[in-house]
Amino acid sequence: MSTLDDKINEINRLAIQITKDNDDDRLMNLSIGPQHPGSGHFRIVIKVDGDYIVYADPDIGYVHRGEEKMSEHRNFIQNIPHLERPVIHDSTNIIYSYSLAIEELIGINPPRRGQFVRAIAAELDRLVYTTYWLAIYGIFLGHSTMFMWPTGDRELIIDLLERMTGHRVTHAFSVPGGVRNDIPYNFKEKCLTQINYFEKRLKEYEDIFYNNPLLRQRTEGVGIMNKEDAIKLGVTGSVLRASGVPYDIRKVEPYDVYDEIDFKVQYMKSCDTFARAYVPYLDMKESCHIIRQLLDKMPDEGSVREKIVGNVKAQPGETYRRVESGRGALGYYIISDGSTKPYRLKISTGSFRNILALPFLLVGSKLGDMPAIYWALNYWPIEADR
Amino acid sequence: MGSLTPDFRFGNFVGSIVWLVFVILALVTLLILPIIFFTLFYIPLPVVDGEVLTPYLFFSMMVDPSRTLPIVQFFIHTDLFRAAIFPGFGFAALIAAATIFVERKLLAKMQLRVGPLYAGKVEGIFQLLADGLKLLTKEIIVPSGADRPIFWLAPIMYVSTAAAVVALIPVASGWVVADVDVGLIAAFAILAFFPLIALLFSWASNSKFPFIGGLRALHQMIAFEIPFFLSALPVVIMSSSLNLSDIARSQNIFWNIFILPINAFVFFISSLAELERIPFDLPEAESEIVAGWLTETTGMMYGLIQLGSYLKLYALAGLFVVLFLGGWSGPQIFPPELIPGAHDSNLPLLQMIALDGLYNPVTVNGIFWFLIKIIIVILLMLIVRGINPRIRIDILLHTGWYKLIVLTFINLFVVLMLIYGGVIGPGGLISAR
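Those protein sequences? They're chains A and B, same order as listed. With our numbering applied, the first sequence closes on residue 386, and no number is skipped along the way. With our numbering applied, the second sequence closes on residue 433, and no number is skipped along the way.
Everything labelled a hint here was simulated from the structure, so no lab data went into it. Nothing false has been slipped in among the hints.
With a straight-line Cα cutoff of 27 Å, these simulated DSS-like cross-link-like pairs (lysine-lysine) come out: (1) K105(B) x K200(A); (2) K285(A) x K297(A); (3) K208(B) x K366(A); (4) K403(B) x K366(A).
Partial selection, computed: residues in chain B whose CB lies under 10 Å from chain A: (5) K208; (6) S287; (7) E288; (8) I387; (9) R390; (10) I391.
Chain B regions said to be covered by chain A (calculated; three or more residues, Cβ under 8 Å): (11) 108-119; (12) 275-286.
Backbone N, C-alpha and C fix where the C-beta goes; we use that ideal spot for every residue, glycine too.
Throw the hints in and build the complete structure from the sequences for me.
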């Protein structure tokens, strides 16, 4: 199994063979999920030979809610609250690219202060999402402290976002033309205090979790996906960056004010599960850095929202805009026929791209590696099902 | 909301109470008292303080304080008391319950949360009681196709096996349920039963995830049983006895941990693996195999297995204390008499408060130091859970076979060198005997 193509052929051959002789006593058929502590809203059908996984089939679609079809029956503003449901922890980012696409279709530009506020909200939401992801990664590996710490610290950032947007989790903050409302008057100081505290906590996470020799033993050299395979499989976000590709939408096609911000694209060359688990952590550090710069450069005065009429008509045409979400590139492809509703709306999510890599990483690894590999893919089942 | 039924009559209520009292009185006089007297007629009654212990004497002793102490003194030296209450099951279960509570609070503090708070007003001390009551009222579900006798027996087997290990742990000089000459071997032999029970139970529950969990338990035993034995071997060489009380007594000059730090470490790690605690909770790895071999347990079945595992925690911590921390040895801090002059006075109440005849300063001192040490060891075992993720099965086997066994041999050779050099051991320079 040297190259990816060989592995794909091998998996296909095994799949055919296993379906042929189903009564093979050597293999045990395990259905991990959908009601299983190691999978939420999601199932992996696994066949194990002893402790080794010989066949894995991710079975998605348990929480398909038809977001795309629903969008065709609502106008551009009405779409905002339900489009953020697929990933409520990262709700600003999933609406961000929608706003960008609609702005392009309508032909408006948000005011400069609005762009900054939107970027701050997006970065804070990235922190909220990634702390939640890290918490679940901790409990997947049996590390209960790592479950509690990020979950607790996440509350502080949620408080910050509540001050900012008025809602704890689903903000509906970013709208076509800027943000819904301005930030409170002493937000800047509060945000800086919170970010400084959070950076301190991040160091402690590294001490208790990432530097733990048992975690290193479990994740280092496990589930290797090299650069070429990662590009071929089409993974995005932290999974792609963990395979040594410094690819970040914020750098590749900067949107709003990201071209004025000085930040590094965090990536690792070790291509293993540890890298995939560590890159989101590095992203969090970088996010704190970005938020500080955004707060510094944000103009103090000015409007935050370009006013549009509620039932706005778009110009006929199509557009595709994407942002870097917590799970990778998150894009909206929208076709407009000149009416007040999208003719067709397609969400391209990072989760759906990343889960495609799961069978290739699981086959040949051990059953004990399953949670580590699966959750390091930065996969959010509801977002993939849409 | 005190509500009465529509057809409530006060006369009926009083009548039902009178009827109940009548039934109870009739049952006691006609059935229970004759049974008690017939039984007492046939069983030999114990002799306390030169008198045969009849029920009448027992009642008089409960009224007269001066006659209470001898009967208590008599009871605490019976085997029943030892097995059921003090060094045996009751004491260990109390420590197990305290351990569960402390574990929850300690982990909560480590993880920046509060832990149990509401049950029992003060910091949720009755949380365990509430959980136990909840488990008692839960339905026990037996999966279809399960091997019923084994499925029902396994939790009880688990608790009783754990209690059997507890019986071997000496708490103070002479205070042990079973003072076996091959105590250490007996302890290891009984501990080896646990994976078998896990495997039997997992096989009996007729489910895939329990089966994988049971096999993992067996793997874990194979990986860690040998370093577990070997780490205790130098202790036996040094004290030239397998009797746990003798091993504890032989450490009254220096504790074994000062000579055998590596072995103590290996023993500690192996006992964590024996206990199936994080990082070695592979048989119960919840993100991989649901709850491992406990997946099909419901209600009090789960409660019994938890009780068994915490009894086992106490037993292994006790074994660690006896083997490496000198058992009950420690400086004498208790006074010779609880209240000076109580023995010579003629006031029965004062004698009772001073526990005259019951109070043995050496024993109490031993129990005190044993408790201090065991609490420290248990806390160390609990803290590990808060800072480590789960280990993987192949790393577990690798650690057990390659690293721990080699580590035990290093210290074994050091001990042999010291013994042949005439430093320690029987007749050595620093030796107890």
